[in-house]
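Residue numbers (this note's numbering), protein chains in the order written: chain A, 5 to 314; chain B, 404 to 760.
Heads up, a few of these hints could be off.
Keeping only pairs whose Cα atoms sit at most 25 Å apart, straight-line, the calculated SDA-like set for lysine to any residue is [unchecked claim]:
1) B:Lys410 x A:Tyr58
2) B:Lys410 x A:Ser178
3) B:Lys633 x A:Ala307
4) B:Lys581 x A:Asn271
5) B:Lys759 x A:Glu311
6) B:Lys443 x A:Tyr58
7) A:Lys242 x A:Leu153
8) A:Lys163 x A:Phe241
9) B:Lys453 x B:Asp604
10) B:Lys410 x A:Leu80
11) B:Lys443 x A:Ile115
12) A:Lys242 x A:Gly184
13) B:Lys581 x B:Val519
14) B:Lys633 x A:Tyr308
15) B:Lys581 x A:Ser270
16) A:Lys242 x B:Lys443
17) B:Lys410 x A:Phe83
18) B:Lys581 x B:Asp517
19) B:Lys410 x A:Tyr308
20) A:Lys163 x A:Leu149
21) B:Lys443 x A:Leu109
22) A:Lys126 x A:Leu8
23) B:Lys410 x A:Arg310
24) B:Lys443 x A:Arg112
25) B:Lys599 x B:Pro685
26) B:Lys410 x B:Ala751
27) B:Lys410 x A:Arg89
28) B:Lys633 x A:Arg89
29) B:Lys599 x B:Arg678
It is worth saying that the hints were derived from the structure and are not from the lab.
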Amino acid sequence: MEILASTVAAAVRSGTPLLYATLGEIITERSGVMNLGLEGLMLIGAITGFVGAYMFQNPFIALALALLVGAVLSSLHAFVVITLRANQVVSGLALTMLGTGVSGLVGRRYIGEVAVRFKEIKIPFLSDLPFLGKCVFSHDLLVYLSMALTVAIYVFLFKTKAGMALRAVGEEPSAADSRGINVFAVRYLATIIGGAITSVGGAYLSLAYTSMWIENMSAGRGWIAIALVIFSAWGPFKGMIGSYLFGGVMAVQLRLQAGGKVTVSSNLLMMLPYVITLVTMVLFSLSRKFRKGLGAPAALGTAYSREEKT
Amino acid sequence: MKPRVEKLAYVPLRRRIAVPILAVVIALLIMGMFLWINLKSFSDVLTAYKEMFTWPFSPQMGFFDTLAKMVPLLLIALGLSVVFRMRVWNIGAEGQLYLGAMLTTWGALYWLNDSVNPWLAVPALLIIGSAGGALWALIPALLKAYLNLNEIVATLMLNYVAYHWVNYLIYGPWRDPKGYNFPVTALFPKTTWLPKIGGLDIHYGLVIALVIVVVIYLLCYRTRWGFQVKIIGDNPTAAEYAGIDIRTNIVLAFAISGALSGLAGSIQMLGIQHRLLHGFSPGYGYTAIIVAWLARLNPWAVVLVSFLFGGLLVGGEQLQIVLRLPVSMIYILQGIVLFTLLAFETVARYRIHFVKD
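So here's chain A without its partners, still in its complex pose (with noise of 0.2 Å):
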């Protein structure tokens, strides 16, 4: 029971940065524009976080940075794909390097360096519970902030106005033109904001997850948080559950190469998380098979414009 209850606070710990990439990628997709740039985003994330929290000894300002840069990077691909219309894969795709090389340079002169972090916080009553204790109560403030956030959205994207307006322009652009939604604007909002919450994950890595930076940390989250979307049918609570659930393999997976009852090399156990990742796919691509569609926004991916038919 006692392993079983550290088992699922591991799954929870380590689905967060899941979590805040996928439904910051929720949010961009469901405006009908494809961010691939999320392993970038979450490695400046964390490289970010990691640097605000050395230089300024304190978590909150180091999160605020991050959101910043994230921020940033993500206009840089919504100008791109957005106002130039450009490739949005290459441009996801061009992110991703950016992100990664820049994180690798400026992390370099901080491996191996420790800085603050979010530390677990004890709810009087509820912490102390037998089981639910354990694992859902005794989380930093990130974690709880994800959950939150996963109920925001929820409301933001179905019960509000705006939302709806969000979700119009990833599913009909023009019809959404048409009634005054400015499309451009939704959708510059949408990446902006999307690519600050995944940057936001990347910088759990590092000022909770573990408080200290390694190059590549994210050890391709973006990618999987790519799946997560659209297993989710582009919902945040089944996103919530899928990072979870991942959280949970990439939890497992960490016990079994510490060691134990299963000796199977670490390299192998290492691809576990990918694997699993690939057959969940397929296994969701069976099942959709007989059904029509996958629940994808319908203009995903295609950039809009007033003159041209496309």
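Take the given structure of chain A and dock chain B to it, following the hints.
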């Protein structure tokens, strides 16, 4: 008089060539700014530029190194130009490269024995390597063709799997017992080594690659299949109405791309490293994406661009040595090049033109 922005119906060749050149120039300037911030000395930045542009291209210094790096970039980018033309995004070239290297290693160390005739051994190993890459590409290919699975994520996941698989082998069962515990395999037998061209310091892989350039050119521009691929990329609905079998073509194109990436991996093993080792690829599979895009998917342009990027990688290594700059600079440069390319690509399609009020 006021300015009007007009979209051009046809973008002239001058502009189309100017775009990638301008993109690279601007990117280099931006990198110069990064260097300046990092190095804090303007003369150091000038030294950096000088090193980057002279070392990789002078025969006494890095020229052959540039050619050596050009070969894998050329091969992979050629393969990518085929799939990208179909708007199928094979981001898994790095993993296919790894599988090609892996199978070639298996062939050289565990399948052939030492006394096989090199004229048989080398081609056999190259074929196995290509097959390895093609098979690895077949997984996402079939998944995309028949399940409409997102090939970007699938190929990326397989990249990570391939990377860890190779690590498993070189740290584990294939580790060289005489290798002082380094993550390397045993050295391949001399009969499997790709020979150098005449007295020059570059292996025959270059010749193989150049032959493949012609093959790909003919395939894409002079066959019906190449035309079908282009239609599928430009307008899949029209392609379906025309009766073109999209699924088979996706699988075929992906397989070709995978085979070329695997071949590149094989050539790296047989021509350069002669053993499988950790980190044998500085991200060729990813850099090749930029090469292919910068070359606008044209095979002849790919030759030129892969040569230049080979020079860039060699120049980057020099900067690492001379100025102690980190390898991430090259990643940053690549990202910037791609962004500037995308920006200019679009801008080149418009012109500003003044009209009377």
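Results of checking the hints against the structure:
{"no.": "1", "hint": "B:Lys410 x A:Tyr58", "in the structure": "violated, 50 Å"}
{"no.": "2", "hint": "B:Lys410 x A:Ser178", "in the structure": "holds, 20 Å"}
{"no.": "3", "hint": "B:Lys633 x A:Ala307", "in the structure": "holds, 21 Å"}
{"no.": "4", "hint": "B:Lys581 x A:Asn271", "in the structure": "holds, 22 Å"}
{"no.": "5", "hint": "B:Lys759 x A:Glu311", "in the structure": "holds, 22 Å"}
{"no.": "6", "hint": "B:Lys443 x A:Tyr58", "in the structure": "holds, 23 Å"}
{"no.": "7", "hint": "A:Lys242 x A:Leu153", "in the structure": "holds, 13 Å"}
{"no.": "8", "hint": "A:Lys163 x A:Phe241", "in the structure": "holds, 14 Å"}
{"no.": "9", "hint": "B:Lys453 x B:Asp604", "in the structure": "holds, 24 Å"}
{"no.": "10", "hint": "B:Lys410 x A:Leu80", "in the structure": "holds, 23 Å"}
{"no.": "11", "hint": "B:Lys443 x A:Ile115", "in the structure": "holds, 22 Å"}
{"no.": "12", "hint": "A:Lys242 x A:Gly184", "in the structure": "violated, 31 Å"}
{"no.": "13", "hint": "B:Lys581 x B:Val519", "in the structure": "holds, 23 Å"}
{"no.": "14", "hint": "B:Lys633 x A:Tyr308", "in the structure": "holds, 23 Å"}
{"no.": "15", "hint": "B:Lys581 x A:Ser270", "in the structure": "holds, 23 Å"}
{"no.": "16", "hint": "A:Lys242 x B:Lys443", "in the structure": "violated, 49 Å"}
{"no.": "17", "hint": "B:Lys410 x A:Phe83", "in the structure": "holds, 19 Å"}
{"no.": "18", "hint": "B:Lys581 x B:Asp517", "in the structure": "holds, 18 Å"}
{"no.": "19", "hint": "B:Lys410 x A:Tyr308", "in the structure": "holds, 15 Å"}
{"no.": "20", "hint": "A:Lys163 x A:Leu149", "in the structure": "holds, 20 Å"}
{"no.": "21", "hint": "B:Lys443 x A:Leu109", "in the structure": "holds, 15 Å"}
{"no.": "22", "hint": "A:Lys126 x A:Leu8", "in the structure": "holds, 20 Å"}
{"no.": "23", "hint": "B:Lys410 x A:Arg310", "in the structure": "holds, 13 Å"}
{"no.": "24", "hint": "B:Lys443 x A:Arg112", "in the structure": "holds, 17 Å"}
{"no.": "25", "hint": "B:Lys599 x B:Pro685", "in the structure": "holds, 22 Å"}
{"no.": "26", "hint": "B:Lys410 x B:Ala751", "in the structure": "holds, 9 Å"}
{"no.": "27", "hint": "B:Lys410 x A:Arg89", "in the structure": "holds, 13 Å"}
{"no.": "28", "hint": "B:Lys633 x A:Arg89", "in the structure": "holds, 21 Å"}
{"no.": "29", "hint": "B:Lys599 x B:Arg678", "in the structure": "holds, 17 Å"}
Consistency with the previously given hints fails for numbers 1, 12, 16, ordered from lowest to highest.
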